[in-house]
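Q: Under this note's numbering, read the sequence shown as residues 1 to 608, first letter to last.
Take the hints with a grain of salt, since some may be wrong.
Stated by the list, open to error - Taking lysine-lysine pairs in the DSSO-like style, the calculated list, with each CA pair at most 30 Å apart, reads:
{"no.": "1", "residue 1": "K220", "residue 2": "K236"}
{"no.": "2", "residue 1": "K236", "residue 2": "K266"}
{"no.": "3", "residue 1": "K220", "residue 2": "K157"}
{"no.": "4", "residue 1": "K135", "residue 2": "K211"}
{"no.": "5", "residue 1": "K220", "residue 2": "K191"}
{"no.": "6", "residue 1": "K502", "residue 2": "K412"}
{"no.": "7", "residue 1": "K220", "residue 2": "K340"}
{"no.": "8", "residue 1": "K214", "residue 2": "K266"}
{"no.": "9", "residue 1": "K271", "residue 2": "K236"}
{"no.": "10", "residue 1": "K590", "residue 2": "K502"}
{"no.": "11", "residue 1": "K374", "residue 2": "K502"}
{"no.": "12", "residue 1": "K237", "residue 2": "K214"}
{"no.": "13", "residue 1": "K96", "residue 2": "K211"}
{"no.": "14", "residue 1": "K135", "residue 2": "K96"}
{"no.": "15", "residue 1": "K502", "residue 2": "K513"}
{"no.": "16", "residue 1": "K271", "residue 2": "K214"}
{"no.": "17", "residue 1": "K220", "residue 2": "K271"}
{"no.": "18", "residue 1": "K191", "residue 2": "K214"}
{"no.": "19", "residue 1": "K237", "residue 2": "K121"}
{"no.": "20", "residue 1": "K100", "residue 2": "K135"}
{"no.": "21", "residue 1": "K237", "residue 2": "K100"}
{"no.": "22", "residue 1": "K504", "residue 2": "K374"}
{"no.": "23", "residue 1": "K157", "residue 2": "K191"}
{"no.": "24", "residue 1": "K191", "residue 2": "K237"}
{"no.": "25", "residue 1": "K271", "residue 2": "K121"}
{"no.": "26", "residue 1": "K513", "residue 2": "K590"}
As the list claims (entries may be wrong) - Just the calculated beta-carbon pair ranges, DEER-fashion:
{"no.": "27", "residue 1": "P88", "residue 2": "G134", "range": "19 to 27 Å"}
{"no.": "28", "residue 1": "R229", "residue 2": "F35", "range": "52 to 60 Å"}
{"no.": "29", "residue 1": "N72", "residue 2": "P477", "range": "45 to 53 Å"}
{"no.": "30", "residue 1": "R57", "residue 2": "R519", "range": "47 to 55 Å"}
{"no.": "31", "residue 1": "R536", "residue 2": "Y409", "range": "30 to 38 Å"}
{"no.": "32", "residue 1": "A250", "residue 2": "S118", "range": "39 to 47 Å"}
{"no.": "33", "residue 1": "E104", "residue 2": "S133", "range": "18 to 26 Å"}
{"no.": "34", "residue 1": "V307", "residue 2": "G260", "range": "31 to 39 Å"}
{"no.": "35", "residue 1": "A250", "residue 2": "Y106", "range": "29 to 37 Å"}
{"no.": "36", "residue 1": "L158", "residue 2": "K211", "range": "26 to 34 Å"}
{"no.": "37", "residue 1": "T52", "residue 2": "A250", "range": "24 to 32 Å"}
{"no.": "38", "residue 1": "G99", "residue 2": "T245", "range": "54 to 62 Å"}
{"no.": "39", "residue 1": "P88", "residue 2": "V137", "range": "55 to 63 Å"}
No wet-lab data here; the hints were simulated from the structure.
Even for Gly, the Cβ is constructed at its ideal location relative to N, Cα and C.
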Amino acid sequence: MKTLHRWLKERFKQYFLFSFKSTILSLYIPIIIFFIMIIGMASYLFAAEQITENAYRNISNAVSQTGNYLDNRLSDALEQMVALSNDPDILTIVIKDYGKIGPEDYIRVHRHIVWIQSFYKSLIDSIYINFYSGKFVLSRNMDSYHLPDISYREYRKLYQGNPYDIYWQNIHNDQWEDRRHIIRMFKLFGKEHAKTSGIIVFNFRCDFFAKVLKNSAPSKNGYLLLVSRDGPMIFKKVDSQYTITPEVLAYLQNTANREGKLEFQKPQGEKMIVIYNTLQTNQWKIAAVFPRREILANVVYIKFITVTVMILLILVAIMLSNVLAGYITKPISVLVENMKRIQGGNLHFVSHIHPLNEVGVLNQGVEDLVGRIKILLDRINKEQEIKRQLEFSIMQTQIHPHFLYNTLYSIKGLCDMNLTAEASAMVTALANFFRISVSRGNEIITVEEEVDHIRNYLFIQEMRYGDNFSYEIQVEPVVLSCKIIKLTLQPLVENAIYHGVKQKRGIGRIQVKGYLEGRFLCFEIRDNGIGMTEERLREVRQALTASGAGMQTLGVGVRSTHERLQLHYGPAAGLEIESELHQGTVVKVKIPLHTGEGEQNVQSGDCG
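Using the sequences plus the hints, can you model the full thing?
A: Encoded structure:
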């Protein structure tokens, strides 16, 4: 009876908790919907304002940059005009009587205008000089169409006030046709009672201005134009509904503001935006004219997306309000209880959630993960134990008393013969040999350290056996900084000495190579020893893949090296053996630079 009462009490508490959470969630839904609407509207307004501001700023920057470019080029032309007008040859002509002007004066002045026009041919189309009322005339690339169409006196009446008497002119009979534009800069000589009057004219290339202005169009129906007191310059075919009005043109011609923005709208037309700036060189206005609709098209798109997302979120919130509490609260509570069971290292996981439920799938995934972790822990423990046994076997071969005794005995013999330098070198090699073998307990060392290890070992053996064998080590510099497990090469070199070159008559030779081969770090230990028969080679290769019994066939060093490589780097790593009777043996070590998942096996900045 008590058990039933306790069970009913627990069920009531769970039901009350579920109902309470569902009620709270139902109350929150209208608040969530309200906040969704507020946040959506605020996001839209903020994004629209930012896009509008960025669009205007970008166009303003484009107008400013285009104006700066034109300013720089026109400033260069202005400097050439000033330099030409102040040139001693021109000044000499101005102060001379016409009768004293000779051919050499023409030649010198002509040389100047040829140089200017050639150097600035992308900007200056032609140059024209006229003094003494047409008696002294020089031109460069000038045709009748570009000649000044009024007399000097008329020019002087129209253009006054500039202290340098340099003025700009924009002539166009039809502003929509590029070929009818004439853009020129000219300087007038002769004020009041001056002895000589005249004019120097630079005519600019229309295609230069057309290229600059066309390439900077702000939108499909937008365009850039230059506005002078003579009128506008437009080099793009523009529909009449997008052209500027006379009022806007008059404002741009007369305003004292150097930059700004204004709007206008033609009858039956779209609202247009004008962003303008002023050229420093000649005070002309450069303006970008574009439909407001084209620039703000992204704002309309964002508005549509925002409204759509808001509606979808509201619908989802309403739907979730009816099912979310019962669908999520209870399974999550059960999952939390399951998580508590595995805290503190307890990997005994018990599941009580139906696997078809989403949280049940998550719970099942956690259960599977715990199971895999247990399997991996067991596997790691076994592999670590195998690694320790293999490394212990390798270390035993390194500190074998027979090798140490023979080495010390050789050192003693050198000392007895007063060959102290050789004895010292042998002691140093022995110390370095054991230092690298221990390597402060580190299992991973660099290739350079491993090469030093076998170099010390070979040096000791060469000192012991004299001229019975020689060795050569060739390792590519790029692999020296790679890292591998220690004691990889020394057992193979030792095997080459005792089972290779010592078994043959004559001088033995051992060659060690290290290099990169595709996706592998490779080493070759080659000897010219007695070699193996095909049957023996087949037994050795089978022993590499055999378990347990391979030690007797291969020996501890070679077998341990192969297994340690595969434990560290995977099945792609290991030893490959080639041999021919009376010709020698080649043992090749292969270490993949990367695993199958793309991770690095060999870690270094210089390889892999």
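Q: Taking the hints in turn, state whether each one holds.
A: Hint check:
For the hint pairing K220 with K236, the CA-to-CA distance comes to about 11 Å; that is within 30 Å, so the pair holds. Of the pairs offered as hints, the one joining K236 and K266 holds, with about 19 Å between alpha carbons and a cut-off of 30 Å not exceeded. At most 30 Å may separate the alpha-carbon atoms for a hinted pair to count; K220 and K157 exceed this at roughly 43 Å. This hinted pair does not check out: K135 and K211 have alpha carbons roughly 37 Å apart, beyond 30 Å.
For the hint pairing K220 with K191, the CA-to-CA distance comes to about 49 Å; that exceeds 30 Å, so the pair is violated. Between K502 and K412 the alpha-carbon distance is near 23 Å, which keeps this suggested pair within the 30 Å criterion. The suggested pairing of K220 with K340 is violated, with an alpha-carbon distance near 64 Å, which exceeds 30 Å. In summary, the hint linking K214 to K266 is supported, as the alpha carbons are separated by about 23 Å, within the 30 Å threshold.
Distance restraint check for K271 and K236: the Cα-Cα separation of roughly 19 Å lies within the 30 Å cut-off, and the hinted pair is therefore satisfied. Between the alpha carbons of K590 and K502 the distance comes to roughly 26 Å, so the proposed pair stays at or under 30 Å and holds. A distance of roughly 50 Å separates the Cα atoms of K374 and K502; the hinted pair therefore is violated under the 30 Å criterion. About 10 Å separates the Cα atoms of K237 and K214, which keeps this hinted pair within 30 Å; it holds.
The straight-line distance between the Cα atoms of K96 and K211 is roughly 43 Å, outside the 30 Å bound, and the hint therefore fails. With a CA separation close to 13 Å, the supplied pair K135 and K96 stays within the 30 Å bound. A C-alpha spacing of about 21 Å is found between K502 and K513, which places the hinted pair at or below 30 Å, so the restraint holds. With a C-alpha separation of about 22 Å, the suggested pair K271 and K214 falls inside the 30 Å cut-off, and the hint holds.
Straight-line distance between C-alpha atoms of K220 and K271 comes to about 15 Å, which keeps the hinted pair within the 30 Å bound. With a C-alpha separation of about 40 Å, the suggested pair K191 and K214 falls outside the 30 Å cut-off, and the hint is violated. With a CA separation close to 26 Å, the supplied pair K237 and K121 stays within the 30 Å bound. A hinted pair counts as satisfied when its Cα atoms are at most 30 Å apart, and K100 with K135 qualifies at roughly 12 Å.
Taking the CA atoms of K237 and K100, the gap is near 53 Å; set against the 30 Å cutoff, the hint is violated. Restraint check: the Cα-Cα separation between K504 and K374 comes to about 53 Å, which exceeds 30 Å; the hinted pair is violated. Proximity of K157 to K191 is assessed by CA-CA distance (about 11 Å); at most 30 Å being required, the pair is judged to hold. In summary, the hint linking K191 to K237 is not supported, as the alpha carbons are separated by about 43 Å, beyond the 30 Å threshold.
A hinted pair counts as satisfied when its Cα atoms are at most 30 Å apart, and K271 with K121 does not qualify at roughly 40 Å. Restraint check for K513 and K590: the C-alpha separation of about 12 Å stays at or below 30 Å, so the hint holds. Checked against the hint of 19 to 27 Å, the pair P88 and G134 passes, with Cβ atoms roughly 23 Å apart. Taking the beta carbon of each, R229 and F35 are about 58 Å apart, inside 52 to 60 Å as hinted.
Between N72 and P477, the C-beta spacing of about 52 Å keeps the proposed range 45 to 53 Å intact. Between R57 and R519, the C-beta spacing of about 51 Å keeps the proposed range 47 to 55 Å intact. Restraint check, R536 to Y409: a C-beta distance of roughly 33 Å satisfies the suggested window 30 to 38 Å. As the Cβ distance of A250 to S118 is approximately 40 Å, the hint placing it in 39 to 47 Å holds.
Distance hint for E104 and S133: a CB-CB separation of about 22 Å, consistent with the stated range 18 to 26 Å. The hinted window of 31 to 39 Å between V307 and G260 holds, with their beta carbons roughly 34 Å apart. The hint said 29 to 37 Å for the Cβ distance between A250 and Y106, and at roughly 45 Å that hint is violated. Taken as a hint, the range 26 to 34 Å holds for the pair L158 and K211, whose Cβ atoms sit roughly 30 Å apart.
At roughly 28 Å, the beta-carbon separation of T52 and A250 lies within the given 24 to 32 Å, and the hint holds. Distance hint check: the CB atoms of G99 and T245 are about 56 Å apart, consistent with the given range 54 to 62 Å. Our hint of 55 to 63 Å for P88 and V137 is violated, since their Cβ atoms are close to 20 Å apart.
In terms of the numbered hints stated before, the structure departs from hints 3, 4, 5, 7, 11, 13, 18, 21, 22, 24, 25, 35, 39, listed from lowest to highest.
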